[in-house]
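We have chain A already, so just place chain B on it with the hints.
If you're matching them up, the sequences are chains A and B in order. Under UniProt numbering, the letters of the first sequence match residues 1 to 236, in that order. Under UniProt numbering, the letters of the second sequence match residues 1 to 236, in that order.
Simulated from the structure, these hints should not be mistaken for lab results. A couple of the hints might just be wrong.
Because identical chains cannot be distinguished in the list, a pair is counted as satisfied if it fits within a single copy or across any two copies.
When the alpha-carbon atoms are kept at most 35 Å apart in a straight line, the in silico DSBU-like pairs for lysine-lysine are as follows [to be verified]: (1) Lys137 - Lys59; (2) Lys202 - Lys174; (3) Lys59 - Lys202; (4) Lys2 - Lys174; (5) Lys235 - Lys116; (6) Lys59 - Lys235; (7) Lys59 - Lys116; (8) Lys116 - Lys137; (9) Lys174 - Lys137; (10) Lys235 - Lys2; (11) Lys116 - Lys174; (12) Lys2 - Lys116; (13) Lys137 - Lys2.
In this text, all values refer to a predicted model and were calculated from it rather than measured experimentally.
2 protein chains.
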Amino acid sequence: MKAFCFDVFGTVVDWRAGIAREAADFFSEYDLTGIDPYEFADSWRNLYQPAMEACRSGKRPFTRLDILHRENLGIVLGNYGVNTAGLSPDALERLNSAWHRLDPWPDVVGGLTRLKQHSIIAPASNGNIALMVNMAKRAHIPWDAILGAEVTQAYKPSPPAYTRMVEILGLSPKEVCMVAAHNNDLHAARLCGLSTAFVPRKTEHGTNQITDLEPSENWDIVARDFNHLADLVVKN
Amino acid sequence: MKAFCFDVFGTVVDWRAGIAREAADFFSEYDLTGIDPYEFADSWRNLYQPAMEACRSGKRPFTRLDILHRENLGIVLGNYGVNTAGLSPDALERLNSAWHRLDPWPDVVGGLTRLKQHSIIAPASNGNIALMVNMAKRAHIPWDAILGAEVTQAYKPSPPAYTRMVEILGLSPKEVCMVAAHNNDLHAARLCGLSTAFVPRKTEHGTNQITDLEPSENWDIVARDFNHLADLVVKN
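In isolation and in its complexed conformation, chain A is listed as follows (with noise of 0.2 Å):
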């Protein structure tokens, strides 16, 4: 495997916890009382898929995941009985940017600092290149490139977002890893001959989480965190 290429909501990053805190902070600033940030950002989450969907589809065209978080962004602060025209556009955009300033989990940048010394490591997100390349700088990522959805044009779990991006590598499927805490994630890309590791996040949807709490299939590598998968790939 001369490439790992990691899905990065979830399984880099705690998109909740980070969303949650900047959702309580913006709540705070606007004396916005009773929303509960956690259902607040599992809330916002909700409407990641249907938005990609569209993309997918061919219902509209491939378009960047910070525009449609600050669409959904409108749509479920106004579900929450917000009135989005009193708020100035600089803070709803600040609180859209929260997706760059998502912390990583702690074993990820001691992990992926010594994976890097072995092989190609990159972010196979459907989050845009900027978001991952501010959310790497704010966080010591080492990523060696970004990849993902606004290189390839495509949108996980379709075929091209895995396609494209090990035809971009030069390399052959089999010689590039996807790292995922998502089994669909990982499925998707098995179908298109990527090699595949699993990596748990079992606290990604909060403590009561019930999905994707183990390997739903025999994934070549199933690593505790990424400090045992680097354990993993640079001993073999």
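Coordinates of chain B only, in the frame set by chain A:
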């Protein structure tokens, strides 16, 4: 300036010496005598602009540089009277990938490592993503992202090569500084509103070089090399 985007061939790496080195090995392996490897490097490089011009003009769709280089390699070997049918595809592919193994000028890694603490740093090269990633891995060039022609689907000096890069970074044009040893690259970037930095590479074309020895316009920054560039930027 929040991001510095770099021309690569000539500005970051010494393509002429690198190609000559691997060409000399190739000629030796196949007993091809009487071809000067530096002249060969120049001849191969001379086919670079016409090949990209076919894409820029719309005569052919955007095609990544590894493919254009490979086509041009066949042409230039033919021009030297080499019968490429007698050579293995693997050997030709290996020589073609010499562009992935070019060495940076001595000031590059130190200067970029300091600049990276201050700003986003990325290649804005006509080279494709795999070429840039492999080059950076081998030479330890610490890019934050790989931008350039394959991401923007446009070859410099076409305006979209600059404007799409600025948009992808989510910045204003002035916040993005194009760094190049070539005045024409900076001229095109300035027309798109980008900031500009000139770093001369007076032996890119050998010791008798007569082009790009001096800045041709009042670029925003003129630095002696990448260490000096880091001095000027990190101080400000």
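| What are the numbers of the hints the structure violates, in ascending order? | 6 and 7
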